[in-house]
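The sequence shown lines up with residues 1 to 262 when you count with my numbering.
A hint or two may mislead.
Unchecked claim - Keeping only pairs whose Cα atoms sit at most 25 Å apart, straight-line, the calculated DSS-like set for lysine-lysine is:
#1 Lys6 to Lys232
#2 Lys98 to Lys230
#3 Lys6 to Lys32
#4 Lys32 to Lys44
#5 Lys6 to Lys44
#6 Lys230 to Lys6
#7 Lys118 to Lys223
#8 Lys5 to Lys230
#9 Lys232 to Lys44
#10 Lys5 to Lys44
#11 Lys232 to Lys5
#12 Lys5 to Lys98
Stated by the list, open to error - Quick list of simulated restraints, FRET-style, between CB atoms:
#13 Lys44 to Asn22: 12 to 20 Å
#14 Gly147 to Arg233: 33 to 41 Å
#15 Glu176 to His261: 42 to 50 Å
#16 Asp16 to Glu75: 20 to 28 Å
#17 Glu257 to Asp206: 46 to 54 Å
#18 Leu253 to Arg181: 47 to 55 Å
#19 Arg177 to Leu249: 44 to 52 Å
#20 Thr114 to Leu56: 29 to 37 Å
#21 Gly262 to Lys32: 27 to 35 Å
Treat the hints as calculated values from the structure; they're not laboratory data. For glycine and all other residues, C-beta sits at the position ideal for the given N, C-alpha and C.
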Amino acid sequence: MDATKKCRIWAQGATDQVGHRNYLVQLLPHIKACTDPDFEIEFKTMTPSITTVHALSEFRFSREVIRGAIQAEREGYDVFFMNHFQDVGLYEARAVVKIPVLGLGEATLLHACTMGRKLGLLAINPAFIPAHNDQIYRYGLQQRTAGIRSLVANISDYMEAFTSPAKKSELQAIFEREARRLIDDGADVIVPTGGIPMMLFGNEPDANIDGAPIVNGVTVVIKAAEMAVKLKRLGLPVASRIPQSGFALPSTLTLEEFLHHG
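Can you make the complete structure from the sequences, with help from the hints?
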């Protein structure tokens, strides 16, 4: 790699500077600390951000992801990833640009498979459980997943937990209770399904519940993005482009129609 030029990473969040400030205060320094000196990472926020747990909000963010990936490629970024566990728009974005495109959920789940035999997913809200079930099937992890459980909390609870030790202790007690239920069901790796719970419950060195590691996927997706760039420079293809893969690149007409009417 050219030592005089840093590789550029576009990190797309579903958060904003106001409503998620407490989270970003911890997230952004963590991202910087995890990034190798050969890389520079720019975290993009979204306004209005994802503040509701509804399919329409996820659909709106998927459009942001696809457009962000296109813009990232055009502005010379080397890799794009979304810091949003549900991976909405991931396959569509991967099918539209030549740079690597990664998702927090996919990168985290696939890496978690190297850490144990059975994954236990812990959602930030029960409304996301159907989406996580879809992810498990999409990534072929049915036999590697022991179950999905959830905290019952809203965004204000999580934001308060970043600044209030009492609130964090309250949520962590629930997190640990649900994690132990997953362990009882056979899980030996705990996956918080979002950057927010990852930073709250999985950011300490060797974070674990009774020996079951808690996967901080924020760290994972950053290192996966760096690896994707290095592998591309070593000659590895970025993605399959045959039609049956779903990742064939669009025609100029298809791309322009999306940009102007999508």
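Gly147 and Arg233, beta-carbon distance inside 33 to 41 Å? For Arg233 against Gly147, whose Cβ atoms are near 39 Å apart, the range 33 to 41 Å holds.
Would you mind confirming whether the straight-line C-alpha gap from Lys6 to Lys32 stays at or under 25 Å? 14 Å, holds
Quick one, are Lys5 and Lys44 close enough, alpha carbons at most 25 Å? Measuring from Cα to Cα gives roughly 21 Å; hence the hint holds.
When you check the alpha-carbon spacing of Lys118 and Lys223, does it fall within 25 Å? 23 Å, holds
Cβ separation of Asp16 and Glu75, checked against the hinted range 20 to 28 Å: 21 Å, holds
Take a quick look at whether Lys5 and Lys230 sit within 25 Å of each other, Cα to Cα. Holds: Lys5 and Lys230 sit about 14 Å apart, inside 25 Å.
Has the hinted range 46 to 54 Å been met by the Cβ atoms of Glu257 and Asp206? The hint (46 to 54 Å, Cβ to Cβ) holds, given that Glu257 and Asp206 are roughly 50 Å apart.
Do Arg177 and Leu249 keep their Cβ atoms within the hinted range of 44 to 52 Å? 47 Å, holds
For the pair supplied as a hint, Lys230 and Lys6, confirm whether the alpha-carbon distance does not exceed 25 Å. 12 Å, holds
At the C-beta level, are Lys44 and Asn22 separated by a distance inside 12 to 20 Å? 19 Å, holds
Against the range 27 to 35 Å, how does the distance between the Cβ atoms of Gly262 and Lys32 compare: consistent or not? Since the Cβ atoms of Gly262 and Lys32 sit about 33 Å apart, the hinted range of 27 to 35 Å holds.
Does Lys98 lie within 25 Å of Lys5 when you go C-alpha to C-alpha? 20 Å, holds
Checked against the numbered hints above, the structure breaks none of them.
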